[in-house]
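Enquirer: Chain by chain, the residues:
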Amino acid sequence: KQEVTQIPAALSVPEGENLVLNCSFTDSAIYNLQWFRQDPGKGLTSLLLIQSSQREQTSGRLNASLDKSSGRSTLYIAASQPGDSATYLCAVKGNYGQNFVFGPGTRLSVLP
Amino acid sequence: EAGVAQSPRYKIIEKRQSVAFWCNPISGHATLYWYQQILGQGPKLLIQFQNNGVVDDSQLPKDRFSAERLKGVDSTLKIQPAKLEDSAVYLCASSFPTALYGYTFGSGTRLTVV
Chain A
1 KQEVTQIPAA
11 LSVPEGENLV
21 LNCSFTDSAI
31 YNLQWFRQDP
41 GKGLTSLLLI
51 QSSQREQTSG
61 RLNASLDKSS
71 GRSTLYIAAS
81 QPGDSATYLC
91 AVKGNYGQNF
101 VFGPGTRLSV
111 LP
Chain B
1001 EAGVAQSPRY
1011 KIIEKRQSVA
1021 FWCNPISGHA
1031 TLYWYQQILG
1041 QGPKLLIQFQ
1051 NNGVVDDSQL
1061 PKDRFSAERL
1071 KGVDSTLKIQ
1081 PAKLEDSAVY
1091 LCASSFPTAL
1101 YGYTFGSGTR
1111 LTVV
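These protein sequence lines map, in sequence, to chains A and B. Per the numbering used here: the first sequence = residues 1 to 112. Per the numbering used here: the second sequence = residues 1001 to 1114.
Simulated from the structure, these hints should not be mistaken for lab results. Check each hint, because a few of them may be wrong.
Only pairs whose alpha carbons sit at most 30 Å apart, straight line, appear in this in silico DSS-like list of lysine-lysine [as the list claims (entries may be wrong)]:
(1) B:LYS1011 with B:LYS1062
(2) A:LYS1 with B:LYS1062
(3) B:LYS1044 with A:LYS1
(4) B:LYS1062 with B:LYS1078
(5) A:LYS42 with B:LYS1044
These stretches of chain A come out as covered by chain B in the derived footprint (C-beta under 8 Å, 3 or more residues) [said to hold, decoys possible]:
(6) 38 to 49
(7) 54 to 68
Which chain A residues stay away from chain B? Per the calculated CB distances, all over 12 Å, these [as the list claims (entries may be wrong)]:
(8) GLU15
(9) GLU17
(10) GLY71
(11) SER85
(12) SER109
Note that beta-carbon positions come from the ideal geometry of N, C-alpha and C, so glycine has one too.
The following block holds chain A by itself, in its conformation from the complex:
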């Protein structure tokens, strides 16, 4: 059974810092991995989707990497802004028709 963990659970940084959020999964037989952002009381907004054959994806100030063999993905946020404050969730879909399994999220606060 796939299990997904995210470290740290919460992170507070000053504006302008570059930061890395971590996602670990136990079963490396994955189909794809998706990073989401969730603002308080809101739904999930997709940030980046990485297919199992890819090593990384980039969108603006965001870069997500995938290392299947070690069961890890990282989300890199460059030059953080207060508007980046939110909870970031990763979700992993297995190769065998399983649904996305979510991590518990990392709550990010970027201080002005």
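Given chain A's structure and the hints, the job is docking chain B onto it.
Expert: For chain B alone, coordinates are given in the frame of chain A:
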């Protein structure tokens, strides 16, 4: 393209009452999912539909929760009777069958049971 639509946005009910949530997926997305997200946790799958058939409902508390997707488009999730521990955000998502392009989520319904 229009996103995944959910209603209502908020609902407050007393325990033992019933409640229903509605979801309309992105046009062309055959697969629809209902997730439950308890405060501070990641979303947990309740049920997955492929068109109007159930693919996975292994984590749906069937004694009180039910869901349907009669015409293979929009879907309704019902709780009857509600318990205090059902307080959560209920999220609907949709995708193409293989989820090659990932999931798209709606804004969710925040349920408070008092």
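Enquirer: Now tell me, hint by hint, if it's right for this structure.
Expert: These are the hints, each one checked on the structure:
no.: 1; hint: B:LYS1011 with B:LYS1062; result: holds, 21 Å
no.: 2; hint: A:LYS1 with B:LYS1062; result: holds, 22 Å
no.: 3; hint: B:LYS1044 with A:LYS1; result: holds, 14 Å
no.: 4; hint: B:LYS1062 with B:LYS1078; result: holds, 10 Å
no.: 5; hint: A:LYS42 with B:LYS1044; result: holds, 16 Å
no.: 6; hint: 38 to 49; result: holds (count 7)
no.: 7; hint: 54 to 68; result: violated (count 0)
no.: 8; hint: GLU15; result: holds, 25 Å
no.: 9; hint: GLU17; result: holds, 25 Å
no.: 10; hint: GLY71; result: holds, 17 Å
no.: 11; hint: SER85; result: holds, 16 Å
no.: 12; hint: SER109; result: holds, 15 Å
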